[in-house]
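For the protein sequence lines, the chains are D and V, in the order given.
Just so you know, the first sequence maps onto residues 1 to 366 in our numbering.
Just so you know, the second sequence maps onto residues 1 to 319 in our numbering.
Quick caveat, the hints were computed from the structure, so don't treat them as lab data.
Don't take every hint at face value.
[To be verified] With a straight-line cut-off of 30 Å between C-alpha atoms, the simulated DSSO-like cross-links for lysine-lysine are:
#1 V:Lys115 with D:Lys332
#2 D:Lys154 with D:Lys98
#3 V:Lys220 with D:Lys332
#4 V:Lys45 with D:Lys332
#5 D:Lys247 with D:Lys49
#6 V:Lys224 with V:Lys286
#7 V:Lys224 with D:Lys41
#8 V:Lys45 with D:Lys41
#9 V:Lys280 with V:Lys224
#10 V:Lys45 with D:Lys98
#11 V:Lys115 with V:Lys104
#12 D:Lys49 with V:Lys45
#13 D:Lys41 with D:Lys233
[To be verified] If you want the ones that stay clear, here's a sample from chain D, every Cβ over 10 Å from chain V, calculated:
#14 Arg4
#15 Val140
#16 Ala202
#17 Pro216
#18 Ser234
#19 Leu271
#20 Lys332
#21 Ser344
#22 Tyr352
It should be emphasised that the depicted structure is a prediction, and the values quoted were computed from it without experimental measurement.
Glycine included, every Cβ here is placed at the ideal spot set by N, Cα and C.
In case you want the letters, here they are:
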Amino acid sequence: MVNRAAISQLAQKISGKVSYPVRIMEVCGTHTMNIARFGIKQLLPPGIKLISGPGCPVCVTEESDIDLIQELARIAGVTVFTFGDLYRIPGSEGSLEKLNGEGADVRITVSPLEAVHYAEQNPAREVVFIAIGFETTAPVAAVMIDLVRKKGIKNFSVLSFHKRIPPVLMELVREDSNYIDGFLLPGHVSTVIGTDEYQPLAKIWSKPGVVTGFEPEDILQGIYAILEQISEKSCRIEIQYKRGVNKEGVPLAREYMSNYFEFCDASWRGLGVISESGLAIRKKFRDFDGFYRFSLGNRIIKRAPITTCSCGEILRGVKVPCECLLFGSVCKPDNPVGPCMVSSEGSCAASYNYPSRYEDPSIMKG
Amino acid sequence: MTQQLVEELFIKYFHNPILDSQLDSAMLSLKAGRWAMTTDSFVVKPVFFPGGDIGKLSVCGTINDLAVMGAAPLYLTCSFIIEEGFDIGDLEIIVQSMNSTARKDGLTIVAGDTKVVERGYCDGVYITTTGLGIVPNWINYSPSAMQVEDRVIITAPPGAHGLSVFAARNNLGVDPPPQSDCASLFSLIEPLNSLEVRCMRDPTRGGLAAVLNELAVKGKKGIKIDESLIPIDSTVAYLMELLGLEPYQLANEGAAVIIVSKKDAERALEILRGHPLGRKASIIGKITAEIPGQVLMVTYLGTERIMQMPSGVIIPRIC
Chain D
1 MVNRAAISQL AQKISGKVSY PVRIMEVCGT HTMNIARFGI KQLLPPGIKL ISGPGCPVCV
61 TEESDIDLIQ ELARIAGVTV FTFGDLYRIP GSEGSLEKLN GEGADVRITV SPLEAVHYAE
121 QNPAREVVFI AIGFETTAPV AAVMIDLVRK KGIKNFSVLS FHKRIPPVLM ELVREDSNYI
181 DGFLLPGHVS TVIGTDEYQP LAKIWSKPGV VTGFEPEDIL QGIYAILEQI SEKSCRIEIQ
241 YKRGVNKEGV PLAREYMSNY FEFCDASWRG LGVISESGLA IRKKFRDFDG FYRFSLGNRI
301 IKRAPITTCS CGEILRGVKV PCECLLFGSV CKPDNPVGPC MVSSEGSCAA SYNYPSRYED
361 PSIMKG
Chain V
1 MTQQLVEELF IKYFHNPILD SQLDSAMLSL KAGRWAMTTD SFVVKPVFFP GGDIGKLSVC
61 GTINDLAVMG AAPLYLTCSF IIEEGFDIGD LEIIVQSMNS TARKDGLTIV AGDTKVVERG
121 YCDGVYITTT GLGIVPNWIN YSPSAMQVED RVIITAPPGA HGLSVFAARN NLGVDPPPQS
181 DCASLFSLIE PLNSLEVRCM RDPTRGGLAA VLNELAVKGK KGIKIDESLI PIDSTVAYLM
241 ELLGLEPYQL ANEGAAVIIV SKKDAERALE ILRGHPLGRK ASIIGKITAE IPGQVLMVTY
301 LGTERIMQMP SGVIIPRIC
């Protein structure tokens with residue numbers, strides 16, 4: 001349980017460290033959610049601005065990717081397994097949920113293994129697992145493919161939209177190197193990959209980065225560590241979340257990942273195509289690659305945003321949710337327009353579900 | 001499944017002098033006074049879930065709707081829509097469980113109906129129950145009776161039913177599976193009718209967050225609660241954390257939110273905690289003149305945030 005005394009001490013230490021405006025990006029959607037849920041911004045001095053980053057897997061999924069999944073789901077004999085959040089995101093022709101009403105077989109699962117079991121028990125169906133997420137979930141998809149290979153299951157494939165966190169962070173600082181002063185780096189992604197891949201952030205771009213846990217105390221400690229680096233004018237990648245992360249990551253998980261996946265260019269909603277930021281199934285395992293198996297063509301389809309929603313700018317940290325014209329009026333959790341409102345980790349959902357009466361949009365605009 | 005078989009099943013379990021007469025309508029001799037009547041349909045999927053089934057739920061749900069209005073439930077009718085091919089053994093278990101739940105509270109099932117529809121036109125079995133109960137003449141529970149400084153009590157940790165159904169639907173594979181709190185609240189809250197209770201609600205769909213928001217809007221008052229006072233079920237808390245959700249939007253089927261005067265709050269708590277269903281009852285907040293129509297929650301950190309009316313489908317068909 002939370003230690004209120006420790007929290008307020010930390011908050012005081014943070015206040016004492018800030019003498020000028022600082023912009024810190026919390027990369028991970030779980031950070032965004034907990035910051036909103038626990039009202040952490042109320043504990044921070046006005047000089048600190050927390051910006052939500054692109055670390056919500058559902059939010060960064062392109063509309064054209066949703067269309068591609070729908071194209072797949074419409075093929076007769078195909079059963080699609082997906083996570084719940086993805087199910088409700090509107091593509092250009094409605095959501096997967098809607099498609100299910102039209103006779104497609106799209107199933108929500110919380111356990112990818114369920115999809116493998118289903119494939120095993122229903123050899124006449126073509127079972128496709130829609131793999132979205134970052135380096136956290138990619139090893140799970142790799143293990144699934146490994147399992148399916150070893151079991152000799154022939155009717156199972158993975159449609160991988162997996163993305164990598166380090167390249168997108170480099171892209172953000174490359175686009176505008178002054179916008180972000182430091183990064184709260186994601187806990188679980190770093191559990192897998194360790195900290196090496198973040199080094200260019202500190203070494204080339206001089207940005208402090210702190211791998212941070214998800215409890216309120218972790219988040220405040222992470223913020224404090226960034227402020228310390230800034231005041232010492234030294235930039236490095238630190239680990240606050242020591243109970244969950246070490247420098248090397250988890251070698252076995254990384255091995256599975258690199259056995260089955262290779263880097264590829266990937267398109268991020270709102271951010272565009274980022275070189276080597278995706279994970280595609282290696283050619284030698286292409287029998288298990290949904291793109292190959294169903295001739296779904298090029299992974300990257302030209303981006304053509306059809307909504308007036310500001311998810312893209314929100315994902316880049318340029319806008320906050322309440323600055324979107326649709327936020328809270330047209331776009332709500334029960335009628336989401338953009339993915340940031342659908343996902344339980346999305347920054348719009350966080351702002352909508354956990355509003356603070358103190359949050360004045362003009363302050364947030366900074 | 002023949003109609004006759006089904007009817008025999010109902011008579012076998014529900015039998016009582018009123019039902020046994022098998023007339024077109026149940027004939028009731030009611031005493032003068034105020035009567036509360038409510039109806040509700042149950043379509044939960046799966047039909048059997050850890051801690052209950054659609055039968056128990058359909059009786060408890062209606063009892064609870066009566067009980068939170070201060071009514072003593074007396075009569076129930078039930079209507080079944082059954083999908084062709086539904087297992088008769090399963091139906092018998094459901095009927096048995098309705099019967100034992102009703103009898104425990106002295107409730108008489110006085111009328112019923114069955115329709116069997118073609119396969120695919122309903123999902124297993126749907127049940128509609130209607131309940132009739134008598135309300136003591138001094139009771140007039142309503143959110144508009146809420147006064148500033150009244151206390152807010154919840155009788156059990158939030159979310160148990162919603163989570164149980166969620167886990168069952170999504171094959172979460174948790175062992176042991178989380179149990180629904182599905183229960184009749186009548187014996188728990190009936191003793192409170194002698195206190196200065198303003199109103200009660202059972203937090204079903206939308207959970208604690210929905211009920212508090214409804215009360216705030218209807219009572220035109222603010223509600224301020226303290227997160228650290230909300231009782232927690234450790235299984236629910238653990239799984240919610242894992243799923244990145246909060247239990248406040250998940251349904252209970254065996255808990256009540258009670259608004260009671262400041263004066264009687266401790267007494268109410270004492271009574272509730274003396275009952276097996278109320279052991280974890282807690283005063284979680286109070287009615288305030290600030291923020292009328294809204295619910296403010298002081299978080300674990302001492303910060304504040306608005307508790308929103310839940311929106312969006314979290315879990316479909318939980319009741």
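Outcome of the hint check:
1. V:Lys115 with D:Lys332: 39 Å, violated
2. D:Lys154 with D:Lys98: 29 Å, holds
3. V:Lys220 with D:Lys332: Answer holds: lysine 220 of chain V to lysine 332 of chain D is near 24 Å, not above 30 Å.
4. V:Lys45 with D:Lys332: Given pair lysine 45 of chain V, lysine 332 of chain D holds - Cα atoms ~26 Å apart, limit 30 Å.
5. D:Lys247 with D:Lys49: Since the Cα atoms of lysine 247 of chain D and lysine 49 of chain D sit roughly 28 Å apart, the hinted pair holds (cutoff 30 Å).
6. V:Lys224 with V:Lys286: 6 Å, holds
7. V:Lys224 with D:Lys41: 20 Å, holds
8. V:Lys45 with D:Lys41: 40 Å, violated
9. V:Lys280 with V:Lys224: 20 Å, holds
10. V:Lys45 with D:Lys98: 20 Å, holds
11. V:Lys115 with V:Lys104: 27 Å, holds
12. D:Lys49 with V:Lys45: Judged against 30 Å, a Cα distance of about 45 Å means the pair is violated.
13. D:Lys41 with D:Lys233: 24 Å, holds
14. Arg4: Nearest chain V Cβ is 6 Å from arginine 4 of chain D, so the label is violated.
15. Val140: Per Cβ check, valine 140 of chain D is outside 10 Å of chain V; nearest 15 Å; holds.
16. Ala202: 29 Å, holds
17. Pro216: Not fine: 6 Å to the nearest Cβ puts proline 216 of chain D too close to chain V.
18. Ser234: 30 Å, holds
19. Leu271: At roughly 23 Å from the nearest Cβ of chain V, leucine 271 of chain D sits farther out than 10 Å, so the non-interface label holds.
20. Lys332: 6 Å, violated
21. Ser344: 5 Å, violated
22. Tyr352: Violated, because the least Cβ-Cβ distance between tyrosine 352 of chain D and chain V comes to about 7 Å, which does not exceed 10 Å.
Hints 1, 8, 12, 14, 17, 20, 21 and 22, counting from the list given before, are not met by this structure.
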